[in-house]
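Undergrad: The lines below spell out each chain.
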Amino acid sequence: MKPAKVLLVDDEVELAEAIVQRLKIRRYAARAAFSGAGAIAALQEEDPDVMIIDLYLQGMLGIDLARSVRRIRPEIVTIMLSGHGSSDAERWISNGEIFDFVMKPVEIQQLVQKIDRAKKEHDERQKRGVCGHARH
Amino acid sequence: MAEEQTKETRLGSVKDMLRSPLRTIEAVRQDRYKSLKVRIFFTVGTLAGVPLLIVTAVCFFWLHAVLVDDFSSHLRWQMEHARAGLEYFLSDRISSLRYLASAHPYASLVNPQSLREIFQKRKQEFPELIDLEVVNADGLQISYAGPYSEKGKNHAQQDWFVRAKVHGVAVSQVFPGDRDLLHYVVAVRQYVPERDSFWILKASIDVETLNRFVAEIGLTERDDAFLIAGTDMLQTHSRFHGAVFQRVAMPSLSQQRGFTLMKYKDEVSGNVILGATRVSGSPWTLVAFMKPTTLERIFTMLKREILAVYLIIVFVAIGVWMNYRTTHSIVNRIRDTEKAREEAITHSEHSAKLASIGRLATGVAHEINNPLAIINEKAGLIKDLFEMYPESSGCQREFLPLVNAISESVNRCRTITHRLLGFARRMDISIEPINVNDVVREVVGFLERELAVRNIRLELNLDENIPQIESDRGLLQQVFLNIANNAIDAVSDGGEIVVSSMPENGSGLKVVIRDNGAGIPKEVLKHIFEPFFTTKQKGKGTGLGLSLSYGIIKRLGGTIEVDSFVDKGTAFTITLPLAAELDRSVQ
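So the sequences go chain by chain: V and E. Residues 1 to 136 in the working numbering are what the first sequence spells out, letter by letter. Residues 1 to 587 in the working numbering are what the second sequence spells out, letter by letter.
Careful, some of the hints might be misleading.
To be verified - Okay, derived cross-link-like pairs now, DSS-like style, lysine-lysine, Cα gap no bigger than 25 Å in a straight line:
no., chain 1, residue 1, chain 2, residue 2
1, E, Lys353, E, Lys554
2, E, Lys383, V, Lys24
3, V, Lys24, E, Lys378
4, V, Lys114, E, Lys554
5, E, Lys383, V, Lys114
What the hints assert, rightly or not - Below, a sample of chain E positions facing chain V; criterion: calculated Cβ distance under 10 Å:
no., residue
6, Ile375
7, Cys413
8, His418
Said to hold, decoys possible - Derived DEER-like restraints, expressed as beta-carbon distance ranges:
no., chain 1, residue 1, chain 2, residue 2, range
9, E, Ala405, V, Ser94, 17 to 25 Å
10, V, Asp123, E, Asp438, 42 to 50 Å
11, E, Ser351, V, Glu90, 25 to 33 Å
12, V, Arg67, E, Arg359, 23 to 31 Å
13, V, Ser94, E, Ser351, 27 to 35 Å
14, V, Arg67, E, Val566, 41 to 49 Å
15, V, Arg67, E, Arg454, 50 to 58 Å
16, V, Ser94, E, Pro503, 31 to 39 Å
17, E, Asp438, V, Ala37, 48 to 56 Å
18, V, Glu46, E, Asp438, 49 to 57 Å
I should point out that these hints are in silico values taken from the structure, not numbers from a laboratory. Backbone N, C-alpha and C fix where the C-beta goes; we use that ideal spot for every residue, glycine too.
Work the whole structure out from these sequences, hints included.
TA: In C-alpha cells:
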C-alpha cells in the first residue's frame, strides 16, 4: 500500500507544520493548509487521500469544511481534530459526515494508525467507484 | 428472654444511630422538647387552675352552709312564732272557759235557757265557738247550748273526758263530729268540794281557728304546713298530703318538746326541709315541709354564674391559644418560606457558580490544549529528527532526556486537561439498563483490599427492590468510586462506612454513602464540588473527583447532595432518575 497523501488543515501554523514534518519523516505525502479557503485551494492542486481538519478554524467550523469536502470530493476520507471531546463527534461519525476523530495533543503513533485506517477506507471508496459519481 | 430482647433493641438503636447518627440525635432532641413543652403547659395550667378551683369550691360550700343556716333559722322563727300563737290561743280558750265555769253558778249553767244565753253572748265575742256543754262526773250530758241538741249523750269513754277528769283541763284531737263539722274540744273540770265531786264544762271549737295559725307560717305554693296528732294523723288540711285524718308519711320525730329541723326526702314533695315542733298542752305537732326554692334558686344562679365565668375563662384561653397557634403557624410558614427561598437562592447560586467555574475550567483547558499540542509536536519532531539523523549531533545523548522530560510534562498536562474536559468517558456516554446495586458491589470489590488493610468496616445496606434504571454504568462506577475513596480518606482506621440504596418514590432511586469520619466544616462544604478544590495533601488529590462526580450526576439527570457534621460524619446522597435524561448543557 502506498503511503497516504495527507492534507492537514489547522489555523495553528506551528502545530500544523510540526505535524506535517513528522508525517513526512514517516514518509507520508503531507502538506498543510491554515484556513478553510487555503484547504479548498490546496484541493485544486493536490489530490489528497486523507484530510485532517481541526474543529475550530479561523472563520469557520471544521465540520462545515468536512461537509463541503464530502460533497465535492466524496472519496477523500476526513479525520476531525479537536482540543476537547464532544458528543457531536460521535454523531458525525455515525452520520458518516467524518470518518474518525482525534483528540489534541496528538500521539503521533495514534495519528499514524488512524491515517492508515483512513487510507484503507479511501482505497475502498475508490474501488467502489464513489469518485466516479462525485467528480465532475 | 426479655433481657435478651431489650439488649437486642438497645443494640438495634445503637446500630440505627451509627447508621444515621445525625438524624437520630436530632429526632431525640425534638421529642424531648415536645414532651418538655407538654409538661410545662400542664404544670402551669395546674398551678393556675387548681387554686382557682379550690377557692371556688370553698366559697361555694361556705355560701351553701350560710344560706342553709339562714333559711333554717328563718323557718324555725316562723314556726316558733306560729306555735307560740297557737299555745297562747289555747290557753286563752282554757282561761275563758275556766272563767265561765267559776263566774256562773252551777245552777245557771245547768239551766239550758241560761246556758243558751251565756253561749249566745260568748258566740258574739268568739264566732268559732260551736257549742257549750256541761257534763257530770259520770260523763253524762247535763245541759247543752249549740246547734245540735244531743240530750243524754255519754262522754265517759272520750279521751278528752278522761284527761279533763285527771288533769283538770283537756284539749282533744280534731273530730269529724256528727254533722261533719270539723271541730276540737276544750274542756275544764270544776270541782265541787261540798259533794266531793266535779263537773266539766266543755266547748267545741271550729277547726278553722287552727288553720289560721298554720297559715301564719309564711308559705309559698310549693310548701306545706299542717298539724298532726300522734305520730302521723293530719289534723288540718294539707296541700300535698291529703285531707284531715289521713296519714302522712313522716320520719319518726322525737316526742320531746323542742324543735326538730331536718332534711327530708318525700315522695310527694321531693327534697324538703322538715320542721316540727310540739304544741304544748295539746295533742298536736306543728309540721312544715318547706321546699328550699329560694336556696335552690340562689344556687342555680350561683352555679350558672360560676359556669359562665369558667366558660368565659375557657373561651378566652382557647381564643388566646388559637391566636397563639395561628400566629405561630403563620410566622413558621413565613420563616419556612423564607428559609426555602434562601436555600433555593443559595442552591441556584451554587449551581450557577459551579457551572461557570466548570465552563471556565473547560475554556482554560481548551485554550491550553493548543499550545500544549504545539509543544508536544515540536518535542516529538525533535525526537523524530534525532532518530532520522543519529549521527548529526554529538549531543543527542544530552538532548534526548530533555525532550523526553518535555513530553512527560506534556503528558501530565494532557491528563489534567482531558480530565477537565471530561475526556473519553464523558464523551462516550452509553446508556443501558443497570442494576445500581450491582454497580455498588463492583465498586466495593475494587476497594476491598484497602478497606481490609485499614480495618474499615463497610456495610452494604442495599434494598433489592430498587428499580432498574437506564444510565451509564462506567460513569456511575467512577462517581461511586470517587465518593467511596473520599469516605475512606475521611474515616480513621477502624471506622465505618455504610452504603445504602433505596427506591425514591416512583421517580428513581437513591444511593447514600455515609461515613462516621471527621466530617466537613461548613466553610469547606460550600466549595467541595468546585474543581481543583482539595483539602488533601499536595500531590495526593487533583481536586477534580467531586467536581467531576457532580458534573456526571447532573449530566445523567440526577442530583448529588452532601450532609456533613464535624466529628460526626458525612453523607453523600445521590439521586438517579429511572431513565437518564442527558443534560447537554453540562460539559
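Undergrad: Just to be sure I understand the hint, the distance between the Cβ atoms of Arg67 of chain V and Arg454 of chain E should be within 50 to 58 Å; is that true here?
TA: holds, 56 Å
Undergrad: Go ahead and decide if the range 48 to 56 Å is satisfied by the Cβ distance of Asp438 of chain E to Ala37 of chain V.
TA: Roughly 54 Å apart at Cβ, these two residues keep to the hinted range, so it holds.
Undergrad: Lying within 23 to 31 Å: is that true of the beta-carbon distance Arg67 of chain V to Arg359 of chain E?
TA: Holds, at about 27 Å.
Undergrad: Holds or violated: Lys114 of chain V with Lys554 of chain E, Cα cutoff 25 Å?
TA: violated, 33 Å
Undergrad: Should the hint that Ser94 of chain V and Pro503 of chain E are 31 to 39 Å apart at their CB atoms be regarded as holding?
TA: holds, 35 Å
Undergrad: At the C-beta level, are Ala405 of chain E and Ser94 of chain V separated by a distance inside 17 to 25 Å?
TA: violated, 40 Å
Undergrad: Close enough to count: is the Cβ of Cys413 of chain E nearer than 10 Å to one in chain V?
TA: Holds, because the Cβ-Cβ distance from Cys413 of chain E to chain V comes to roughly 8 Å (cut-off 10 Å).
Undergrad: Hint check: Lys353 of chain E vs Lys554 of chain E, CA-CA at most 25 Å. Holds or violated?
TA: Distance of about 14 Å is within 25 Å: holds.
Undergrad: Taking the least C-beta to C-beta distance, is Ile375 of chain E closer than 10 Å to chain V?
TA: With Cβ-Cβ at 8 Å, under 10 Å, it holds.
Undergrad: Quick check: does the Cβ-Cβ distance between Ser351 of chain E and Glu90 of chain V fall within 25 to 33 Å?
TA: Check passed, 27 Å falls within 25 to 33 Å.
Undergrad: Look at the Cβ atoms of Ser94 of chain V and Ser351 of chain E and judge whether their distance stays inside 27 to 35 Å.
TA: holds, 32 Å
Undergrad: Compare the distance between the alpha carbons of Lys383 of chain E and Lys24 of chain V with 25 Å, and conclude whether the hinted pair is satisfied.
TA: Measuring from Cα to Cα gives roughly 14 Å; hence the hint holds.
When each numbered hint is compared with the structure, violations occur for hints 4, 9 and 14.
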